[in-house]
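A.B. asks: Here's the letter readout for the chains.
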Amino acid sequence: MIAYIAALLCMGSVYAIITLGYNLQWGYTGLFNLSVFGLAAAGGYTSVILTGATAGGRLGGYGLPFIIGLVGAAMVSGLLGGLIGMATLHLEFGFFAISTLGLGMTIQIILKNEQWLSNGVWGIGGIHKPLSGFVGNDLSNWVYGILAFLIMLLIFYLLERVVKSPWGRIQMAIKEDEKLTEMLGKKVFSYRFQSLVLGSMIIGIGGAMFAHYQGYINPMSYTDIMMCFLPLLMVVAGGSGNNKGSIVGAFVIWGAWSVSEMVAGYLPISSAKIPHIRTLVVGIVIISLLRWRPTGIIGREQAVSSTAKNKDIIAS
Amino acid sequence: MLGSIVNGIILGSIITLGGLGISYILLIQNYFNFTGGTFFTLGAYLAFAFLSIIPMGSFPVVSFGPGLILALILSMIVLAIIMTAVDKFLYQPLRKRNSPFMFFYLTAFGMLFVLRSLIYLIWGPQLKNYISGVRKTYHLAGGINISPDEIFVVLATLIIVGIVYYFQYYTKLGKAMLATANDSRLAEISGIKNKHVHTTVTIIAGVLTATAGVFYGLAIQLRPIMGFTLLMAMFFAVVCGGDGAILGTLGAGLIIGITQEFGSEILQVIFDSTGIPIEMSGYKQVLAFLLLIVILTTKPHGIFQGTFLER
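If you're matching them up, the sequences are chains A and B in order.
Anchor point for the first sequence: position 277 equals 277 in my numbering, and the numbering is continuous, going up by one each time.
To convert, take the position in the second sequence, counting from 1, and add 1000; that gives my numbering.
Bear in mind the hints are in silico, worked out from the structure with no lab data behind them.
Model, not experiment: these values are computed from the prediction.
One should not assume that every hint holds.
[Said to hold, decoys possible] Taking lysine-lysine pairs in the DSBU-like style, the calculated list, with each CA pair at most 35 Å apart, reads: (1) B:K1175 x A:K179; (2) A:K273 x B:K1284; (3) B:K1088 x A:K273; (4) B:K1096 x A:K164.
Okay, chain B solo, but in the shape it has when bound:
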């Protein structure tokens, strides 16, 4: 029971980072990025590709080494470049000719399949791991199994969210982004270059998405479909967080992570005791989807105080 709460927190941190990647695109460019989940997978696989060149090395406590950190940074850079290129080549013309938003969704949906098939073509459908061999795991009281890697993932997520928060609300570039999100024409009049803001947003989204993907690969494993299965949870984090507010997304990400792991276990116990033959382990995605529907019908602007613009 307690173990699944811990697993939920780990999953929730990963969902938070992926959700932030989607919410940045949503706030400045005004569309839900369906490709977010697949970029997430691509980021993780890019790090895997770099790790086959870079020697892993070793750190004292955790089971990965400095090689993974280097691969993570390289994967961030490459994914940010890929996402910027996609944005420049596909979305900028759409923005320029003032297309209706359905074109953005359609393009994002097309990109999803392009990237997914590329991942299948290059890396194949097998499961992969960054770390070969057995991981160090602590067995604590209450059935908690936690590895130092997972603690690293949670702590690093908190630090990254803190950095993003500081950048967003206390630096000039972050404030310029807020101004563009609020009223892009007014922002342009006051001297903010819209083009630069779009590029910055895409780069931030790329960095966050790549980090989320690598963390998923580190804490769980690499699968070609992993981002797509988390997509509903990421959208939940974005919507429930209050129009993509940064701290709200963290809270909502943790909520959905814990619900997927701990809530499904609780429901399993309830179903077993009442004799309903449902195996909950297959329905974690459905749980995220149902919660998303509940949030959308009751509180479509999130359950937390403040939004991205007005924290």
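Looking at chain A on its own, in the form it has when it is part of the complex:
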């Protein structure tokens, strides 16, 4: 039970980081980014390659400290987000969604195929948890959980500062009324681009934290279900455009998800079917939320634009 709470603290914080990044893009600016799994994978692999002690025939083995790994992860993910943004952000909403989905799939295919980079489908093991050398194996999850939670709080604090600033209000205005914002002389493309890159960097950090918690990653650690669909549900459940809601959503949804795994062990279902049943339930939950309660559990705190009469625009 105690071990479960430690694991919940680790994974909940990791997901909260990813969800915060996603919430900036989707909840505040209204970018439907579907490459979260690719960006998280890019961040995770970057951090592992930078901090790993041994290479074993692939790129890596630089043995740099953990914090450099996080910075590298943020930079690589931000770069990828920036590239896709430059190519497609000036287009319509749908085109952007398609191309980001393609970017995510592309990153996953590259990680699967290029053995010199990522060791292919065999993955990379033996990833160090930071500080685990000092406290031993029993406490390492607790230490890592607290560390992840603190990093998450730091990101939350910075993001709150950012979204409460004029910059953040412009992002919300873009989501609610793009034309009006443009008429006020704000460069919509540039603001969207900044939000996309900043969000991608945070997602990259989340992916790196995930890799260091798991200790072993392969391309399938970052599937579209676990790393794109689940964060999406967390954002929507917590209420899009609400950072506190994202954190609550992340912990609640991850708690339910991990408990469902334990419960499913007692049910008379073959173990091969359990993941699909859980995905099915998550899908039904997300669709029902959109259908009946688009504001999420908590909902957005405020709307900046009084022209946003449509309740859904404020809610989304």
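Since chain A is already given, all that's left is putting chain B on it; use the hints.
C.D. replies: Quick look at chain B alone, frame taken from chain A:
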């Protein structure tokens, strides 16, 4: 080399049909249907389920029988019903309360995972085939291996595209759809029932998607993830075809099919001769994605003349 061009044409016909299913939803209901690829898979698996009840029988030249045609028709009907039900239950309330388009995408994205997990739950992750045993294959000069089934797929695609084209531009219902796509309020004033148009569009999309899925299963094989891997290619066909123009989608579908098969082979030869260690067979989807990005940045309204509304 020539063989991969033929394979590309076959894949391109399948992509065309799937792309048309997506483009119909896009034009009338204004969102890119992410679920399109998964409906495609569902259609193929539905036909597989019907084939376990219906005896296959046999046709003279091809290796399938009348059972497959019957299963195809049943699968079309069932998929059209499923898609209409999804549309009525999930998208109609969104349209009614005038939701922003992101809600449509989010719902479509959720449906993708619901359907995918259902397919995994019911049919499992194994590969499946409609036809057990060896297929009849002709070995022609130039390394072309083609089976009569594949010729059937290409010919049937051309016929279906022709029928859809005729329906769209020469019948009253098709013209009503064009009017709704252009200006739904004006169309409603002139007596066209918007609701009926939405239902018709969904049914057409269902029929086309189911056909595409069954053709994929017939020409290649059944996999639970097959529609999702073709999704980028279908989107390319829709975008490059010129806002979903019917003949444009056919052209763009053939382009992307041939690029995926023939182009990847050419690139493999180039990479091998220059010593770049890239195995192209894993990157066919990426090729479709890169082409999509190129089209979106240079010509976001397609490379063919005309659009869906103005052919």
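A.B. asks: Evaluate each hint against the coordinates.
C.D. replies: Hint check:
Straight-line distance between C-alpha atoms of K1175 (chain B) and K179 (chain A) comes to about 32 Å, which keeps the hinted pair within the 35 Å bound. In summary, the hint linking K273 (chain A) to K1284 (chain B) is supported, as the alpha carbons are separated by about 30 Å, within the 35 Å threshold. Among the hinted pairs, K1088 (chain B) with K273 (chain A) is consistent with the structure: their alpha-carbon atoms are about 29 Å apart, no more than 35 Å. Proximity of K1096 (chain B) to K164 (chain A) is assessed by CA-CA distance (about 33 Å); at most 35 Å being required, the pair is judged to hold.
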